[in-house]
Each structure stands twice: as structure tokens, then as C-alpha cells.
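Engineer: Residues per chain are reported as follows:
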Amino acid sequence: MTTAQPAMLVEVEAVSKRFTPQLSLGDRLAALLGSPVETRTVHAVDRVSFGLEQGEVLGLVGESGCGKSTLGRVIAGIHPPSEGRASIAGETVMGDGRTPLKRTTRIQMVFQDPFASLDPRVRIGETISEGPLAHGLVSRTDAPAYVARWLTAVGLPVEAAERFPHQFSGGQRQRVAIARALAMQPDVLVCDEPVASLDVSIQAQIINLFLKLRRELGLTMLFISHDLGVVRHLCDRVAIMYLGRIVEIGPAAEIFAAPRHPYTRALLDSVPKLVTGSDELVTFKPIQGELPSPLSPPPGCHFHQRCPRAEARCRSDAPQLAGGTDEGTGHRVSCHFPLAGEA
Amino acid sequence: MTEASTPLARFWDEFRHNTVAVIALGVVIAISIMAIAAPLISPQNPYDLANLVLMDARRPPGFVGSKGFTHWLGTDAQGRDLLSAILYGLRISIQIGLIAGAIAFALGATLGAFAAFFGGRIEALIMRVIDLQLSFPAILLALVLAALLGQGKWPLIAALVTAQYAYFARTAHGAASAERSKDYVDAALSTPLAARRVVFRHILPNCLPPLIVVATVQVANSIALEATLSFLGLGLPVTEPSLGMLIANGFQYMLSGRYWISIYPGVALIVLIVAINLVGDQVRDQLNPRLRR
Amino acid sequence: MSPVLLDVNGLTTRFATRAGSLNAVEDVSFTVAEGEIVGLVGESGSGKSVTGFSILGLIDPPGRIVAGSVKLNGRELVGLSHAALRSMRGREIAMVFQDPSATLNPVLTIETQMRLAIAAHESLGDAAARARCIEVLGAVGIPDAARRIEAYPHQFSGGMRQRVAIAIALLNRPKLIICDEPTTALDVSIQAQILTEMKSLAARLGTAMIWISHDLATVSSVASRILVMYAGRLIEAGPIAEVLRQPRHPYTRGLLGSLPGIARPGQDLVQIPGAMPSLIDLPQGCAFQPRCGFADAQCATMPALSAEGARSFRCHHPLAAETAP
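Residue numbers (our numbering), protein chains in the order written: chain A, 140 to 482; chain W, 270 to 562; chain F, 160 to 484.
Chain A extracted, bound-state conformation (with noise of 0.2 Å):
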């Protein structure tokens, strides 16, 4: 809670990813014969930076398609980046050279779908044991018994060890990818979209299984969600995303009551509301048109063409993520026209 500059245990830096599809033989031929050959990178994620201080939860928020995943992976060390860095405690995730490139275990990472994220062929004790096995974080003779610890924490019981992921339900699968990812000791967890294929029951144990893990192991999380209801409830700090550039951050409860990018503003205002008086009418302000491709982004403020306070200015001009009239929060904006911030 400092305002002065604190110390960030991971630091993303300029991170950049694109996607350039291998070119086939003929095409390879072709460019070098010098015939116009289309290469369709994808800009995933666009110079990012930000800094995700010791014990904070820091929400990832943005809709199918703004890189909010991949730049997850990035940091997870799964991706290596384009351009840029991302390091924590100023060791950087990724080494150079082989795949895995990555070399720290202190980043772990937990995936949205836990029928894919488990091997179905390893049975659940292995599927835990195996990395701090590998690393030296247990000894063969403790593994049992430190397998049975971390299966307590998540609340299932031991003997799912002897069991194969295929057994399990949904929510208990995710239990079983969370355990894993703890048993790593991390300092830092990575969550893509963790509840967002769970039941809406099941949704909010896993919830409060992150709940209680955060308050007894000190976590350090980002969370990636495109469920605003879920970031709201879990997070500290919110970055919202918007195709592969971070248009807004700052503490949650300041972004979901005073939005400053026209952006937020309305992707707050897509999110149907539970009703509850009867006379309560529903009205959404949709945001006009559709998410641009990313092969294709468009020039200046990305999301120019579908904002309502568009000007000339923001067709070439892409604004940088900046501080606002109350630095101190540390809520900073990408946008030449943001919203006053009234509540």
C-alpha cells in the first residue's frame, strides 16, 4: 500500500510476441525469386510492460483475441518473447539456447482447461511429484508424503494419488493442476481463465480455494480472466487488455468505479447485471463493431475505430500508457481523451 516505488518481484519489460507461420518450401522459393509472398505474422502482444509487486493479485482482463493468453505464457516461460524481458526478482524467466528455454521454477503457471493441462496418462501423484522430483525439491522416499501435503491443501483427498485425471470431475481436475503448480514452491502463479470452464457451483469453490491459498502461502498472482465479476472479486490490481496492448491499470476497485479508457468504460457496460427489482430495466451500451484482426491491426489508438470519442489525432497517433491526475494510485491510462473519472 506505498505510494512510493516499490520494489516489483516480476518485471515485464517491453514484452513483445508475434506469430509468423512457417513459410512452405514453394513459398520460401518464391520470395527468394522475388515474388510478392504474404507473411501473415500476428502482433500478439505489443511492447508491454508492467510490474507485479510481492503478494499482489493482478488481474489480466480482455476479450478473446487481445493476447491476454499469450502474454501469460510469455511470463510462464512457455514463449519465449519476440523482443523484451520478463524477469523475476531480476532473474529472467527465459534462458537462451534449448528448449525448455525456461530455467526458473518460481514462476508456475495453472491453465483454464484441466482435462487438456493433465496428462491423461500419468497418474496424479507422478503428475505432482515429477517437477519437484526433477528439480530436487523432494527426495524420492518423501515424494508420498509431500504429494498427500499438497492434495490436503487443494482439499482432495490422498488417495487420489493412485488415480488417473480421467476419474475426476472438472473442478477437482483443476485442483489436481493447482496442486501441481504449488508443489513447485513458487513465488509467483500464473492462472489462465482457471474457472472460466468450471460450473458456476464449482466456480466458486475453486474461487475460494484461491482465496485461502493466497492468504495462507503470500501468493503472488496474475490472474488472466475475461470474467470481470471473478477479476473484481479476486484482484488487487487490474490491467485490461486490448488487441496486445495494455490500455489501462491500476487497483481494481478504482477501475471498476471510475474507468478512464473509453475501452473499459464500456466493457464495464457489456457485462449483464444480475436484476433483482422487477422494474429494473435492462439496457447494455454495446460497443459498436468488432474486435480489428490482429494481422492487421489498425494505425494509432487500436481502438479508435470503435471508440465514441475518436478524433483525428488518435487515427495515427498511438497514446502511451500514462499516469493520471492521481499518480499515486498508480492508475495509468492509454488514451489521449480519457474519461474525467467520475464515479
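Don't read these hints as lab results, they were simulated from the structure.
Every residue, glycine too, gets a C-beta built ideally from N, C-alpha and C.
Careful, some of the hints might be misleading.
Below 27 Å or equal to it, Euclidean Cα-Cα: the simulated DSS-like pairs (lysine-lysine) are [as the list claims (entries may be wrong)]:
| hint | chain 1 | residue 1 | chain 2 | residue 2 |
| --- | --- | --- | --- | --- |
| 1 | A | K412 | A | K424 |
| 2 | A | K412 | F | K230 |
| 3 | F | K358 | F | K230 |
| 4 | A | K424 | F | K230 |
| 5 | W | K451 | A | K241 |
| 6 | F | K230 | F | K334 |
| 7 | F | K358 | F | K334 |
Some chain F residues flagged as far from chain A (calculated, every beta-carbon gap over 12 Å) [stated by the list, open to error]:
| hint | residue |
| --- | --- |
| 8 | D166 |
| 9 | T176 |
| 10 | S188 |
| 11 | A192 |
| 12 | L239 |
| 13 | G297 |
| 14 | Y311 |
| 15 | T377 |
| 16 | L403 |
| 17 | L414 |
| 18 | P442 |
Based on the hints, put chains W and F in the right spot on chain A.
Structural biologist: For chains W and F alone, coordinates are given in the frame of chain A:
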């Protein structure tokens, strides 16, 4: 409950509904047992030259030889009992087919899976070499190699492996590429686990179904290929005739009416290969999710 | 009160599986009035989608409607021949699915698909058919419909594809549209656009809708009445604002408590322990009893659906009408 049944039990449960495949499996097992037990059940050791009586050569089926037992399938040009020769020949054919298949499986699957895992230039290099090789007929490659390496069991196996590992590699590469993009591999990368462990513990076991299908077909193919090479005289030495050589030896007597020397080993070979293929067809139907009802 | 359009009574649909009979829908009864939007809510495995399929007669073996009736304008649909059902589908009741790419044929243009849908029920001249298609596409918010109609499905974004699927459902001006999670796969901003358009369309055309969803908030923004299902049974029904303000069934209250939007940020959510039972192996009596904080010996018998004014619930220990969640 489904929890009690193992995947193997469920597999068999489905398998036994196909009567033809069950019969074919029975034939494969019966032939294999007879081949393994050849020294115990065959009336004569056809490799022991001292046992052979030239006077009994080229006798028709049912002939009672000078050693006092009936040659149910007749004898060949050296006076070997054909039944014994076929059993011993099957033994060699199956042995070579299995060993070559197993080595080709291990080599090809490892290459294909690592290519898919690493991607980029390594993948491009390995897969181009394999594509190039697959554009030659396997028999041509095996012929050249067998001619270069000379006669004998191990040179023959080496030739068969070279001709066949590419099929395993391509199948493993396809399956592993699909597995590579799944979250559990990303999870292993973010742990991080060593490449060796990710490939052998996670990716390859999940690629097994299509590889098993290829394996059944390729064992049958390598038996046929071995027979072809032996038929052409590039296989095993004459003293240890496999099925292919038996067929070749009898070939010259076909027109003189001594059909049995070639026909019976041929029938044994065809029955074995067809049976393995029938089993393989059913295995493929069961393991291919797209053909599932 | 508008006249009753759809009357579902005692609908029971089962699937024969190797492990036994799976009771997907058990004794479900409700009505839909003309022009009314009814929300059908439940978690996966609650039977909400199978209810929708059963109404349309889209249950294939090993599934079977074993009991109950579905009456549309007084005409019984259960037991109709395949041909009769086919001529009813699309013209009187249409369906919109979660995944529009599963509904649209990738190799036909939008126009061809829409005209096939018209031709299935009436013969219309070329110009008239095309005009109808363009009109409906425009109504669901597809810009430049006259040109876009010649495009193929892959040339549309996910949100636009779902709009096309909705347009096809509207083509023959059905009385009732069953929407099975039509916005679940879409982004919130696109979802908001579609919800707004569907609502105004339904009001303008007087089309009734059954809106099947797992998301209470989405349903509450379109529907006027809500049906809550759990493990194959209807457990609570009533006007949506009343049900959400004062749920009578402990499960409905648990669902509301599970929503992160209501509790104070950072606080534990009111979670329902455990998971939904298997539909093959349901507990004796009330299916919610193993997860319910109010359960006692009485709950070993199945509670009847008791009505109280416009509301009804299936519980031996209903929450008092005045307790707020």
C-alpha cells in the same frame, strides 16, 4: 462402474465383437506358438545336414521316408521334411519381423517425436530426410542395403529397419505434433521438465495408438519383405532357409509338377500375413476415434 | 396474461447407457405464453439442454422420451412422426445453438442456406425469398446484408455467424425460438450486442423464447420468468426478479451466492459443497440433499413441486419468503 475396468479390458471387450478379427488373432497366436515350439513338435531338424537323406528328396506329401516317419507336406530338393522346414522358417521369419519392427518402432517413434517437439530447423531437416526416403520403394532400399551388407540375420534386420523406420517416424511426427500443442505439454515446459522427459514420459505414450496400428502392419510387411529378399537370394544363408528361400528353392520344380515345395511355404506365409493384417485392421478401427461409432 | 403457447407436462427423457438408465429429464412441467421469454437455468448435467431437444423431438436413440406431453398451441408433439416433426421444426419452433459453426454449412453461401430453410416450408419466388433473407439479416444487425448474403460462413466472425444462425431461426417466423446458450461462446461486448437485439426482436415480432443458459445474469437481462433445473428436475420457477431477490430453494440461493459479483471483493463466496450427482446414480429423494445444509430425514422422499402464486419450488424446507440472499 467403469472405474474397475482397465483400458485393456475395455479394448478386448470391443475387439471380441469382431469374429473375423478374433479368428485371425487365434491364427496368429497358433502360428506363433508352433513357430516357437518348432524344435519340439517338428519331426526333423531341417538345419542339421546330417539328418537329411538325399534319397528322400522331392517326395510328394504323404511319403514315408527312410527315417520311418511320414512327410505330411512332402520334402524339398535336399530331402528336408517340408513341414519341419516351414515351422523352422516361420520361426526365423517371425523373429526377424518382430526384431526389425521393434527397432524400427523405437528409432522411428523417437525421431518423429523429437522432431515434432523441437520444431523449427531440426524438425524440417529430419522430416525432409524421411520424406525423401519414403519416396523410394522400401523394397528397393532394402535390396541395395542387403546387397551391400551381405548375408546373415543382422545385416538383413538392418536392411529391414532402414526400409521401415520412416513409416513410424512419420506417424509419430503427426501424432506428436498434435500432442505438442496440448496444454499438458505446455504445463511440462512451464515447470520446466527436461526435453527427454517431456518426450518419453508425456508425448510418446499419448502417441501410442496410431503407432500400434502402424506396428501391426509393419511387422506383417517386414515378414513379407524378408521373404522377398530371401526369395531373391539376399537373405539368410542357404543352410537356414526362411520361408522366402523355401519358396525360391521350389520354384524350379513347379513346372515339373512338384508343386508342394513352393506352394506350402507360400500358403503358410500368406496365412500369417493376412491374419496379422486382419488383426491390425480391427485394432486400427478401434483406436481411430474418427471411425468410432 | 397472454394465451399459453407451449405446455410441457411431466416430460421425462431417459438415455439407455451401459451403466444403466440415465435420467436426463424427469417430470418437467412448465408453460410458455405467447411472446414470453422464459429463462431455463442450470449447471452442466442439469438436463436443461435435453429439455430443449425433447421439445423439438430431437432425441435420438439411445435417448427416448418415456413420458409426458409437449403441446404447442394445443397440438401434441410427443409421438409425432419424423415427417410431421420436420415440418413443424423451423416453421413453428426454431432452435439456436451455442456453436454457430455447427449449424452452418461451410461450403454453402449464406443465401443458399437461408433459401433452403425457406424452401423447406413454403415455395417463394426468387426475388421474394432473397428479399426476405436480406430483411431478416438486417433485422439481426448484419450491416450491408444485401452484399454479405453472398458470403460463406468462414468470412464472418463468431458473433456475426451467431447472428446468421439467429436470422435462419427467424426466417419462417416461428412462434417459439429455443436458444441453447447462444451467447456463451461470445465475448461480453458481442454478447451485449446480441442480447440487446434479441430482446427488441422478440418484442417486435411477438416471438416467444426459451433461453437456456448457465449464466443467471445473462438470463436475468432477457427473460421475464425463470426455471431452475437441478439433476434433471425443475426445482424452482417464477418471475425472474422475485426468484433472484428471494430464492425459495436452497440450491437457487447457493447458485446466487456462488456469483462473485454479489459478495464483497476478497470475501469467501457462499459455496455449495460437493458436485452434482451422476444422473445414472441419483440419491434417494431430493437430489440436492447431499449438498444441502437444511437436509434432514424428510428429504429422503422426493418433495412435490408446490405452488405459491406465480412461483413454485420443490423443497421440504423452503427458505422463508422474506430472507434476502
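Engineer: Keeping to a limit of 27 Å between CA atoms, is the pair of F:K358 and F:K230 held or broken?
Structural biologist: Satisfied, since the Cα-Cα distance of roughly 25 Å is no more than 27 Å.
Engineer: Run the C-beta distances from F:L403 to all of chain A and say if the shortest one exceeds 12 Å.
Structural biologist: At roughly 5 Å from the nearest Cβ of chain A, F:L403 sits no farther out than 12 Å, so the non-interface label is violated.
Engineer: Does the no-contact call for F:Y311 survive, Cβ to all of chain A over 12 Å?
Structural biologist: Holds: least Cβ distance 17 Å, greater than 12 Å.
Engineer: Would the least Cβ to Cβ distance between F:T377 and chain A come out above 12 Å?
Structural biologist: violated (5 Å)
Engineer: Are all C-beta atoms of chain A more than 12 Å from that of F:P442?
Structural biologist: About 16 Å separates F:P442 from the closest Cβ of chain A, which puts it past 12 Å; holds.
Engineer: For F:K230 and F:K334, compute the direct alpha-carbon distance and say whether it is at most 27 Å.
Structural biologist: holds (13 Å)
Engineer: Grab the minimum beta-carbon distance between F:L239 and chain A and tell me whether it stays above 12 Å.
Structural biologist: holds (34 Å)
Engineer: Verify that the Cβ of F:T176 lies farther than 12 Å from every Cβ atom of chain A, and report whether the claim holds or is violated.
Structural biologist: The claim stands: F:T176 keeps its Cβ more than 12 Å from every Cβ of chain A (closest is about 16 Å).
Engineer: Given the hint that W:K451 pairs with A:K241, does the C-alpha gap stay at or below 27 Å?
Structural biologist: Holds, because 18 Å separates the two Cα atoms, which is no more than 27 Å.
Engineer: With the threshold set at 27 Å, check whether the alpha-carbon distance from A:K412 to A:K424 stays at or below it.
Structural biologist: The given pair, whose Cα atoms are some 13 Å apart, holds under the 27 Å limit.
Engineer: Is the Cβ of F:G297 more than 12 Å away from each Cβ in chain A?
Structural biologist: holds (16 Å)
Engineer: According to the definition I'm using, a residue is off the interface if its beta carbon is farther than 12 Å from all beta carbons of the partner; does F:A192 meet that for chain A?
Structural biologist: holds (17 Å)
Comparing the model with each earlier hint shows violations of hints 2, 4, 15, 16, 17; every other hint is respected.
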